[in-house]
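**Q** Spelled out, the chains give:
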Amino acid sequence: MISFWDFFTDPVLRAPTWGCILMCFASSLMGVLIFLRKRSLLAETLSHATYPGAVIGVFLFAFLFPAHEEWTFLAVLGGAFISSLLGLKAIEWMEEKGKARSDAALCFVLAVFFGIGIVAASAMQASFPVWQKQVQMLLFGQAATMTDIHILIYGCLAFAAAFFLFLTFRPLQSTLFDRDFALSAGIPVSILDRIVFWLLLISLIVGIRSVGVVLMSGMVIAPAVAARQFSNRLQTIFGLSALFGVLSGFLGNYLSVMGSLALSQSGEKISLSLPTGPMIVLVGTSFAILSLLFAPKRGLAFRIGRILAFRFRCLQENLLKGIWKKGALSFPQIKESYPVFLPVLSWILFRMRQEGWMQKKKGLYELTRDGKQKAASIIRLHRLWELYLTESLGFQVEKVHRTAEEMEHILTPEIEERLTRLLSNPKQDPHQQPIPERYESLLGN
Amino acid sequence: MNPYWGTEFFGFFSVLFQRICKAIFGGVSSLAADELQIAVLATVAISCGLVGPFLVLKRVAMFANSVSHTILLGISLAYLAAASLWGGGMFDMGTLLLGAFIAAGITAFLTEILMRLFRLQEDASVGLVFNALFALGITVVTLFTRDAHLSVEAVMGNADILQVRDLKLSFFLLSLNLGAIVLFFKQFQLASFDRSLAQTLGISCGAFHFLLLFLAAATCVGAFRVVGVLLVLAFLVGPYLIARFFCCRLPWLIFWSCAIGVLISLFGVALSRHFLSAYGWPLSTGGIVVVLLGLAYAGAALVSRRLAAGQRVSLKTTG
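Just so you know, the protein sequences line up as chains A and B, in that order.
Under this note's numbering, the first residue of the first sequence is numbered 1, with each subsequent residue one higher.
Under this note's numbering, the first residue of the second sequence is numbered 1001, with each subsequent residue one higher.
Hints are computed from structural coordinates only; laboratory data are not their basis.
Please note that a few of the clues may not be correct.
Computed footprint of chain B on chain A; a stretch qualifies when at least three of its residues, placed anywhere within it, have a C-beta under 8 Å from a C-beta of chain B [unchecked claim]:
{"hint": "1", "stretch": "35 to 43"}
{"hint": "2", "stretch": "102 to 111"}
{"hint": "3", "stretch": "208 to 217"}
{"hint": "4", "stretch": "221 to 227"}
{"hint": "5", "stretch": "276 to 283"}
This structure is a prediction, so every number in the text was calculated from the model and none was measured.
Even glycine gets a Cβ: it sits at the ideal position worked out from N, Cα and C.
Please construct the entire structure, taking both the sequences and the accompanying hints into account.
**A** Below you can see the structure in the form of structure tokens.
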């Protein structure tokens, strides 16, 4: 049985584990940079653009040093870097001078570079069939066959990228958020831009070995998406993104190894395995989806909760007003004038009795003293707003009710204070209804 | 016996010319493999040339890229479903295409959800969705079909093992695209250039956007089996970008996109045959066509910039 720590120490298992972690670390950091520029899909095109270089690199290596197969990955790294750099140049050129918009340029460069890679790979199959697997595994990635020497090189590259980010953090921050300011402050923006893209390329070529050319961009985008949900501060976003990246790298590899083990013990003849690259991407995407759903403030669940809470309060306040105007209402009457889902209505009535705003007497709902004051303060806001619209903004009297109906739930005590002063503490609204006096002690919120 | 066997680049065209002359007088009974290739590639090129310009104009070219990835999940799940419902390994093309098409729909839907409901920025929504679905697709393929070849083939396609039914499929695709574009040309044009005018005239931009995505998805799905999604991507965008250097009227742009696509596929097949005959390298025909498109773009860019520079010089001397 494999223990948890074996993943970090076992001579066979440790290389894939560390490889995945390092690769995700680098790509998640660089992902933040392009995510904030809204150019995430650049990663997709550039990762595909590494393929022809990698294939041609292997091709040349097989031609020049056929005896040293274990060092092929250096040729892959070099070739991949050069060809993705060419891809980047091609995109920049097409966008500036080639009459192509961003998405068309990305799509076309991706297709053409990948096409070159495929032609080269088919030529390779014909001339060096033994080396074909070196090329094939770059497409979908193969973490399991990495060794310690890979980790050393990849680790150095990943940490070099991270260290550079650390050094240039301040100027990078200004460039990301306010380009004009950065330019006027004398920051070398164009050099920084270049550096950012180079770092992105490095993180991509480190990653294609474990995740593969075709899925690499997923690992660049997902951690950044997840991290952005939690914070507005750049440092925090970088930190969280790296955390999510490292976690998904480790978990993806862990799941792949353990899952394959469980599958091979299930007694099938053909050995099945869970591929590492897709597992990493799936774990990373799950982090992103969970953050999109449940992150505080920006998450969907939180936003929906806020909307529902507001609706609930509006309904409560409308009910208070309704009963205040009529004196008392029975449940059928309430049901008729407030067509809401029945359990919700009962719950609201229950909550209002709990708050001590109303009581039930002989089947009729009546307001308590607290409830009356609360209702009066809402009415006051409503009528103040109506008066403000007619007096100060020149609205017609018939048209102000609807807006006031919404504003009464939103107006804060401070605005009420200012309205009172502006209209010199009025006693009547434009419909000649009395405006209730203000109860200081009850304006809790 | 393939009459193109052993021909080189120019020989290929002379044989093609002779065969066409013979065909006019009824001397050719069936298509040779290379002719079938040309016919299929040209049909796909025209289908793409009709839809591609609108995709580029509406800035949704990356949707085609998304679909080209998520198709894998669709076909692998459809394959699984077909295998478990009707028993071992029945390989029905229709089921797979349907699966791929549903996957394309789901891709568009999820991307919209992420953008609208979760308020995620567009590029990240697109990237997140297709990568996740693609990862799922690869996992399903490696786990259940035990045939990693399927995935490689689906991404790259294989233009070298075509059959007559592939030609039928691509003709169907062509008639679908041609019909939609000819019928609704005005609406598509308005929706891509001036949304507010289109809305004033009572054209629903949303519906035509949806129709465009539908056509793009259908093109990708229909062609993935025939030539591979990569080639479709290149055909959708490349010919339009090349034509854009030389003209700016939409009808001409569409015409030239189709024409350039057809020409490039002709040269691509001839070149592929040339490499096989002259050097014995069986190169991927789809790949060659894509590379040719890239080269054509570079050439067109060079020529048009040279022309523009020449115009500037003559303006300076006369003015």
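**Q** Against this structure, judge whether each hint is valid.
**A** Cross-check of the supplied hints:
1. 35 to 43: It holds, with 6 qualifying residues against the three required.
2. 102 to 111: holds (count 8)
3. 208 to 217: Result for this restraint: holds, n = 3.
4. 221 to 227: holds (count 4)
5. 276 to 283: Three-residue rule met by the stretch 276 to 283 of chain A, so holds; n is 5.
Taken one by one, the earlier hints all hold for this structure without exception.
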